[in-house]
Amino acid sequence: MSTATVASAPPAPRVQKRGTPLAKKRQWRAAYLFVIPFFVVFITMLIVPLFYSGYLSFFATRLVGGTSFVGFDNYVKTFTDPLFLAGVGRTGLFLLVQVPIMLGLALFFALALDSGRVRGSKVLRLLIFIPYAIPGVVATLMWGYLYGQDFGPIVQVLSALGLGSPNLLSDSNVLGSMMNIVTWEFVGYNMIIMYSALRSIPAELYEAAEIDGASQLRVAWSIKIPAIRPAILLTVIFSIIGSFQLFNEPSLLRNIAPNAISTSYTPNFYAYNLAFVSQNVNYAAAVAFILGIVIMIVSYVVQLSTQRRERLG
Amino acid sequence: MRKRAPRTALALGAGLLTTALLLTGCSPSGTSGTTGATTVSQAEIDKAMKTPTTLTFWTWVPNIQNEVDLFEKAYPAIKVKVENVGQGLPHYTKIRTALKAGTGAPDVAQIEYQYLSSFNVTKSLLDLAPYGAAKLQGDYVPWVWNQVISGKQVLAIPQDSGPMGNLYRTDILKKAGVTAAPATWDDYATAAAAVKSKTGSYMSNLAPNDAGQLMGLLWQAGVKPFGYDGKQGVTVAVNSAKSKAVMTYWQKLIQAGQVSVDPDFTDQWYQGLAKGKYAGWLTAAWGPIFLQGTATKTAGLWAAAPLPQYTGAAPASGNWGGSSDAVLATSKNKIAAYEFAKWLNSDKESTLQFATKQFLWPTANSVAADPSFVNQKAPFYGGQTVNKTFAEISNTVDTKFQWLPYMDYAYSSFNDTLGKAIADKGDLSAGLDAWQKALVDYGTQQGFTVNK
Chain A
0 MSTATVASAP PAPRVQKRGT PLAKKRQWRA AYLFVIPFFV VFITMLIVPL
50 FYSGYLSFFA TRLVGGTSFV GFDNYVKTFT DPLFLAGVGR TGLFLLVQVP
100 IMLGLALFFA LALDSGRVRG SKVLRLLIFI PYAIPGVVAT LMWGYLYGQD
150 FGPIVQVLSA LGLGSPNLLS DSNVLGSMMN IVTWEFVGYN MIIMYSALRS
200 IPAELYEAAE IDGASQLRVA WSIKIPAIRP AILLTVIFSI IGSFQLFNEP
250 SLLRNIAPNA ISTSYTPNFY AYNLAFVSQN VNYAAAVAFI LGIVIMIVSY
300 VVQLSTQRRE RLG
Chain B
0 MRKRAPRTAL ALGAGLLTTA LLLTGCSPSG TSGTTGATTV SQAEIDKAMK
50 TPTTLTFWTW VPNIQNEVDL FEKAYPAIKV KVENVGQGLP HYTKIRTALK
100 AGTGAPDVAQ IEYQYLSSFN VTKSLLDLAP YGAAKLQGDY VPWVWNQVIS
150 GKQVLAIPQD SGPMGNLYRT DILKKAGVTA APATWDDYAT AAAAVKSKTG
200 SYMSNLAPND AGQLMGLLWQ AGVKPFGYDG KQGVTVAVNS AKSKAVMTYW
250 QKLIQAGQVS VDPDFTDQWY QGLAKGKYAG WLTAAWGPIF LQGTATKTAG
300 LWAAAPLPQY TGAAPASGNW GGSSDAVLAT SKNKIAAYEF AKWLNSDKES
350 TLQFATKQFL WPTANSVAAD PSFVNQKAPF YGGQTVNKTF AEISNTVDTK
400 FQWLPYMDYA YSSFNDTLGK AIADKGDLSA GLDAWQKALV DYGTQQGFTV
450 NK
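Residue numbers (numbering that gives the first Met the number 0), protein chains in the order written: chain A, 0 to 312; chain B, 0 to 451.
Wrong hints could be hidden among the right ones.
For lysine-lysine, the following DSS-like pairs were computed, each having C-alpha atoms within a straight-line distance of at most 30 Å [claimed, not checked]: (1) K76/A / K436/B; (2) K76/A / K122/B; (3) K99/B / K76/A; (4) K76/A / K72/B; (5) K72/B / K341/B; (6) K451/B / K76/A; (7) K80/B / K436/B.
I should point out that these hints are in silico values taken from the structure, not numbers from a laboratory.
Pulled out of the complex, with its shape left as it was, chain B reads as follows:
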């Protein structure tokens, strides 16, 4: 027995090692400072764009190499290395790790709108205003532009967005006696009851694991759950009266068995979409094309409409998803990196290709109004001009929605609080309260001044 002791100790040590190793990738080092306020002259830009440079670009947009090739053709001196390090959370984790390690971070990175302030608070993003980005404001959809700025800073160049609408199965709704898309949320609830009792399908699915979808719905309702002043002050109000009203509405539908609560983007959910388990999907502008690929066999049975509205209020919508391209403050080729991010998302050929080949919902006005894009007929939706529908929806998105500077935590704690309440078909108001508490506690602990 004695003899085994060291071996056991070794095994224990090895156990500690596993955890310890995970932690060593990061050190409490500071990040490099922000840029000065001096503006960059055209001469400097010209020089930078003619100097042979290699940029690294982290993104998960499929086939983005096509647009990058266009850029390299326009600026032969600049080479861009496209790297896909994961989608969403793994991508951000790797960026953070690289930033903390001090080396290995890319020059340009894809960042979703809700995470921009989370990277800005650690001073990891280059302020693009001195490079001339402020002048681009007029080229982009106003609510999208508001997502990429913080005070006078411009944090990123918008790439795509996801104004929300309603995709629904015309055949299932017709069977339930519903001939038009529900115009108001009250109509939606009535239709949901009819659909459930006559066809057995769920009206739609509210994903308990996807805070993004719910944020979009709150956004539409005019809820302002988050606020950030760009310094130390944050506002957390996820359990406001307005927000609770929205969740109470959903709680009724969920508990009546008219709306399902399956995690989205899982096998289960894909099958549900393809097999008519859900009669509709409240989704973003990137949804229509995505659905075509997922539910191929139901072609022609779908239609697109704006979200149901609140009675007596002006038409509104929220956003779900979409990304921007940001230049990291650690980049050694700041000018070239900025010019690349700008070119990629403003050059006509590049942006049009994003919209028509990769189906990224355009953020540039020029594309969003381009007749070849807007008037495209979609056979999957019975020949409807789906792009036109969503282009109109995009104009109704509230411009003032803000995020917290710690959205990684906010979304992961969503799953443990409100998301859990949704999955359990329980008390969603209590879920909101739990989420609120988690966000306030975390904010306070991180040194923010939290307003409720």
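Just chain A, with the same shape it has in the complex:
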């Protein structure tokens, strides 16, 4: 606290020219003190494990014969592993279908709430956000019950309407069912990010638009959406990372759809099963690393392409 008071003392213009003043030094010291706890946790919980699993990924442990150094073999194997590639493909599909739907809905809700024309918007905002507050595990269990083939309410309603009784947990439908769970869960979260960005748009822009005679739709398209572009990009990147890390949903739905969801359904789930069921920690580490690299590449490509578009525009 005392350092803060010192720091906020009005600086004399001449002081700044004298190299590093005492006040500045103290300020730095305080700053370091503040970040040290973070760095300790960051290094012990992130950097060290990261290097350790990197180290592990260069070995192979066999039940017979023990551990041996294999260099990049695990990585080479990952790139030709059909199970891993299929998992990446599946999450890629998930990403292409689910993320646009989810973010589109989130943007729609955010704009609707922001327009101020929705009655009871505070309650509505809360209701849309609530699914995010429900733990993913609980949400999946709940949806698992709703999807049930014989006694699940969704199928019962569908068959009562004469629409047949589709097996929502079958091989071909389970990915869609999973997309639905994730969308339901995260629409509110993304909506809140976009909504708070919308609230910070200066009101003068709206006034100007009104004078120019722009319609609400026009305002949304030409002012609101461009203004919250960074926020939208943020949700896109978060969603990409989230998609590639799908784990809870396949892992929990597997209990009720054990044969539709394989142990390699998503790359993350595959890495877990490799490590803890197949006891192949080394290969799992390599898979995890490559998954991380894939996420980085995809996120970077998305960011780069939007940046370029911005520059062109």
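Got chain A; can you put chain B on it based on the hints?
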């Protein structure tokens, strides 16, 4: 835009962290060595049992504290801490993680028969023979005893088993004109057709997620899908001709819609049992009591019979489930741990209580032949002496069935291969081939010599 880059990097880093953290619990450290061949003297045992000791025991048997209390009464110096860390796979995962971490593993752990060799291959189990376990052989049912030994090693003390029989709804079968339990598999198929056309029920359910049930049925058919010589040689023959014959039989019933393929032990399946969706359940000796709790409203409508048999063959059955108690090699109180595992599963009071209170199917001869147990009448089964039926079945279980030293993988890959074929009502022979390939590949990659 520039400014956000580090934040994105951080988010990415956090992403990697999640996966990395999962992996760090384990390191490629070796496990401690096996025991020497020296036998333990009675004096050493007496001393150990009088030294104040605390043992940790991981198990998921409900209310096992009652039997543990009996033990603590008999040996006041020994305290046993019972911990339930999960059932099945989560339990084994935690044991493995603790073993790899080098600390935190229990002294005694419940291990199902099929997983014993998977733990023995990593030298994680204490050989109990030097502690006198070899002498116990005569006290246990022979086929069960064969499950806990490997060569001259004794890996665990048998706790319970699950010889398989057929539980069926007498009322549904009667409606279909079937008055007695099908004696042969041919009769079973005929009955299945009748049941489906006259009542709409499925004859039974073949769970595509539960390799255990199917293993029991293969076991009954005399199929030897696995073999392990205790060293480097494994045998994988899940797609043998005999095995394919069994699966072809089931494929017919499944594709004709006479046998359902619901995952078992799920809500859906419980409801199916309770509501007569299935006219029967091919299950193990622990099944009868389990069913009573699940399908309470159908009391009196069920009956128990041996599995249908293969024409011209001697009566046979297989096993599904059951556990043993093993002492881990890392235990610091080996003698006390062994004595505890032995006492728990051989003391008359303890074993009888297991059989009558926890409904574990007994593996000790003394209990399996105890009149108070065998002659118990079960009202749920119309007053039938169900225990007697299963006691007779237990004598027909093949004694030579073996497992692979990597059953965790075998069962999880079952779901992706043969199990998937069952769930899809597809070509089960192809499913067997796919499973065979997965098991051979994994075995080879793990350094085993694989015989097909």
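* Asked: Which numbered hints are broken by the structure, listed smallest first?
  -> Result: hints 4, 7 break, sorted rising.
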